[in-house]
Every structure is written in structure tokens, then in C-alpha cells.
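Full structure from sequences and hints, please.
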Amino acid sequence: MLQDVSIISALWKIISGGDGDFYSIILLSLEVTLTAVTLAGCVGLPLGAMLALTRFRGRLPIIVVINTLMGFPPVVAGLVVFLLLSRSGPLGGLGLLFTPQAMMTAQFILVLPIIVALTRQTVEDLWSEYADHMTSLGVGRIGSIPTLLWDARFSLVTTMLAGLGRASAEVGAILIVGGNIAGYTRTMTTSIALETSKGDLPLAMALGVVLITITLCINGLAYGVSRIGAKLAGGR
Amino acid sequence: MRDVTSMLPLKLQDIALEVDGRRLLEVTATSIRNKRRTVVLGPNGAGKTLFLKVCHGLLKPSSGRLDFVAGKSDAEVRRRQAMVFQKPVMLRRSVRGNFTHALAMAGFGWRERRRLADETMAHFGLSALADRPARVLSGGEQQRLAIARAASLNPELLFLDEPTSALDPTAARQVEEMLELLRAHGMTLVMTTHDLGLARRFADDILFFHNGRLLEQGPADTFFTRPQTAEAQAFLENRLVW
Ligand SMILES: Nc1ncnc2c1ncn2[C@@H]1O[C@H](COP(=O)(O)OP(=O)(O)OP(=O)(O)O)[C@@H](O)[C@H]1O
Ligand SMILES: [Mg+2]
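Listed in order, the protein sequences are those of chains A and B. 165 is the number that the working numbering gives to position 165 of the first sequence; each next residue is one higher, with no gaps. 130 is the number that the working numbering gives to position 130 of the second sequence; each next residue is one higher, with no gaps.
Simulated from the structure, these hints should not be mistaken for lab results. All of these numbers come straight from a predicted model, not from anything done at the bench. Be a bit skeptical, because a hint or two may be false.
Some chain A residues close to chain B (C-beta under 7 Å, calculated; not the full set) [what the hints assert, rightly or not]:
# : residue
1 : ASP4
2 : GLY17
3 : LEU60
4 : HIS133
5 : THR135
6 : LEU137
7 : GLY138
8 : SER155
Ideal placement from N, C-alpha and C gives every residue a C-beta, glycine not left out.
Printed below as a string of C-alpha cells:
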């Protein structure tokens, strides 16, 4: 079929550097996604653990809201960040709209609920197993957070991968707040959207193949590392 | 100066534990005496585990008093006791990691932790397992790890909830030898068991529970030769219906 051949030739063209900006697009995509997911992890893991271990009024509604936010439409998240960062918005003075930082912010907001929600569940389950032991050692709930996060590390890798999946596949939010500016805020997903609307389907497909391949590699690596780790530590 | 005087005896007075209006535990008066081996007996569901958890401070009684010797702070009382659970809690770490974690929680520095961990493992014959993941150990090995881990904290008072149940005779024997080491070290031990043979060999004092109530208590030889209550007699003859 002609279509297949043109995808392969498009793939060949972008990989061999015929399409000059290709590698900078990949690098930017990775930078935005990995930064957003890392920061969301730094905030979301302790936050999820806190939510698992503390008891306060309004905790259950908060959990329901966060669980709901896991499916928050990216376009809406993008719109919210857009309104915050636009000239007349509350954070307009920062001049961050249409920058990579704006895209990181949007993805951070999208990924955070996933990490918080899944971490809460994991830590809560582990706490029910460890509670007596930790209490016996004279350590309270909050004091147990480092122990629980460390001992849940293999499940939490999967949690982080879920966040990474959402961020790397996402186009709606970064398109709105990044603006898809060539050479500056153009990522793989926004390029795919652009090439599709321009009608260059083979190029769009080729970019898609590259995106999936990179995501597969990252997931494979993380999964492999955590499986080996889990094996060495005696499983979950 | 570190205060080295004992925090025992632990005295319990009119203790009751109620959950959802159901009275699960009732202890009129008893005490855990210094350097004695107390064995808690009773059929399944008698309240033995609940009693240990109340004594250890994991469960707060609904009413009643539970007093250590006056003048010990709560933190001091917590630090000086440990418990081995019916189902041992194994952290997702190596055997050595399980020791160093407990010691870290007790406030020991990094170097000290490793030294004490290695010392304790050597003392209880666990050195060969040091780098194995704790959760793949056999049931007997896990039980020995749990006991040694509690012992590494050098508590004055140690609670053990059925340390030999679900173990084969050899493993049970090994655990019994560990308990003997702990006793020789001067620890006060409170243990539940279903193994009447172990109870006869091991106990100084017996607490007998039935349906959540402490029915009978006293020196072990009196209990085994002349039980006072019909329930205790029936229990010793393995014909207790509950
Ligand atoms: N959290 C709880 N809520 C309600 N009931 C409980 C709770 N914990 C224990 N019980 C009940 O209290 C009773 C005593 O339980 P406990 O675990 O102390 O028994 P046990 O003497 O240790 O038995 P076993 O020999 O089987 O270990 C049981 O009937 C149990 O179902
Ligand atoms: Mg029990």
C-alpha cells in the first residue's frame, strides 16, 4: 500500500535529520514531560501519603475530588492555566504564557491528581499492614511516611509511570498554553496535531510511531528496573 | 544519667475494652511482674491478642487503669517494651534492613544500627540470612527474625503473640531456645500460646482467658495441677466448649 511506504519514508526522513527541528522537538517533549512528572512526584508522593494517614474533616470529599481529577479533561486544565497566565490573569506578570514552563505547569496539574490518588491508595493499604509494628516502635502516622513510601517503592514506580503516560500522551493542554511555536514550544504531540490538520498524514503517523517507541522504552526501562529491584527485595 | 530502675510491675485495674457496644475484654485486676515469664492461655477468640495489645498500648481500653511504675514518661515506657505479633510484620527489605529500620526508629545512629543488627543476627544465628529479602523467608525464619528484631531494641518487657504457632517442631524448638536466651538476659516476657507443653515448660505465671474475661491467674504449677475454675479444667483436658 502506498500509505505504508510513505510512512516509512517519512520516518526515514525525520530520523535521518531531513526534517531539521525533529530532534529538538523530541528533546523539548522529554524535557517538558519529565520535568512535570518529576515535580508532580516530589509533591504528590508525600501529599498522597499525608492524605492516606491523616484524619480530618473533609478528608473523604477531598479524596473523591482528587479521584475525579484523575480524569480531568486536559483541554480544560490548559484553559485554566491559560487564564491564570494570560496578560490580564493573576499570574500574567510572570510572562510565562507560550513558554515551555507554561506547558510544564499544565502537565504538572494534570499529573498531580493521578499521583496523589494512587499513592494514597497504596500507602493506605500498606499502613493497615504496618500500623501495629510502627506504633509498637513508637512511630506515629506522619513519622511512618518515609518508611511507607520506601516500602511501597515498587508500586509507586507504576504510579509514576501512569503519570508519565498521561503527560506524554497529552496534547490539549500544552497546545493551548504553549501555542505550538516552531522551535520553541513545539512538541511531538502538538506536531502530530499540526501535521494532521495540514493533511500530512504520513509525517503525523511517523511522529506517532516515534512517540510510542520512546514511551515504550521509558516504560520498559522503569518496569525492568523496578522488577529487578522487587525481586532483590523479595517482591511486594 | 539514664534511669535504669525497672518500670515494672505493670498493674491493670478494672480494664474493659468495648467495640461497637460489645465487651471484648474484661480484666478486673492483674499485674505483670518484673523478670517473670507470664503465659496467657485460652481458646481461640478468648481475647489473648486483645489483652497483649492493650498492655502494649496499641489499643486504648474503654475504661480502667493501666499503670507502670510511677515517674516514667510515656516515651520511656514505649521505648522499653516491644511486641512480636501473631502474624509477624516483615518490611519489604533485607533481613538486615529490618533490624536497622527498627533500630533507626528507636533513635540509634547509622554506625550503631549496623553494629547492633549484626550483633543480634549473630547472637540468634541469623547471620547467614542477613542479605536475604525478609519476605521470602520461611515462616519459621520470619518468626525468628521478628523475635530477634524486637530483642535488638533491648526492651525490658517483651510481648509475644503465639510465637510458635504454625511452626514445625524443629522451628518451634529454635524459637523456644531464643526465648530462653531472652529470659537469661533478664527480659520480662509475656507470651500467648496454644502449646500447653511449651506453657508448662516456660511459664512462671499463667493468665487464663475465656470469652474475653480473665478467669484465672496464678503461679503456673498451681494452675496446671489444681485449676480453680471449671473452664480452666475443661481447657486443660481439651474438652472446653465455647
Ligand atoms: N477490632 C475488633 N473489632 C471487633 N471485634 C474484635 C476486634 N478484634 C478482635 N475482636 C474479637 O474479639 C475476640 C477476641 O479476639 P482475640 O484476637 O483477642 O482472640 P485470641 O484469644 O487472640 O484468639 P486466637 O487464639 O485465635 O488468636 C474475638 O471474638 C474477635 O472476633
Ligand atoms: Mg490471637
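Do the hints match the structure? See the list:
1. ASP4: Cβ of ASP4 (chain A) sits 48 Å from chain B, so the hint is violated.
2. GLY17: Interface hint status for GLY17 (chain A): violated (46 Å vs cutoff 7 Å).
3. LEU60: 21 Å, violated
4. HIS133: Since chain B brings a Cβ to about 4 Å from HIS133 (chain A), closer than 7 Å, the hint holds.
5. THR135: With a closest approach of 6 Å, the THR135 (chain A) hint holds.
6. LEU137: At 4 Å from the nearest chain B Cβ, LEU137 (chain A) passes the 7 Å test, so the hint holds.
7. GLY138: This interface hint holds because 4 Å falls under the 7 Å limit.
8. SER155: Since chain B brings no Cβ nearer than about 10 Å to SER155 (chain A), farther than 7 Å, the hint is violated.
Checked against the numbered hints listed earlier, the structure breaks hints 1, 2, 3, 8; every other hint is satisfied.
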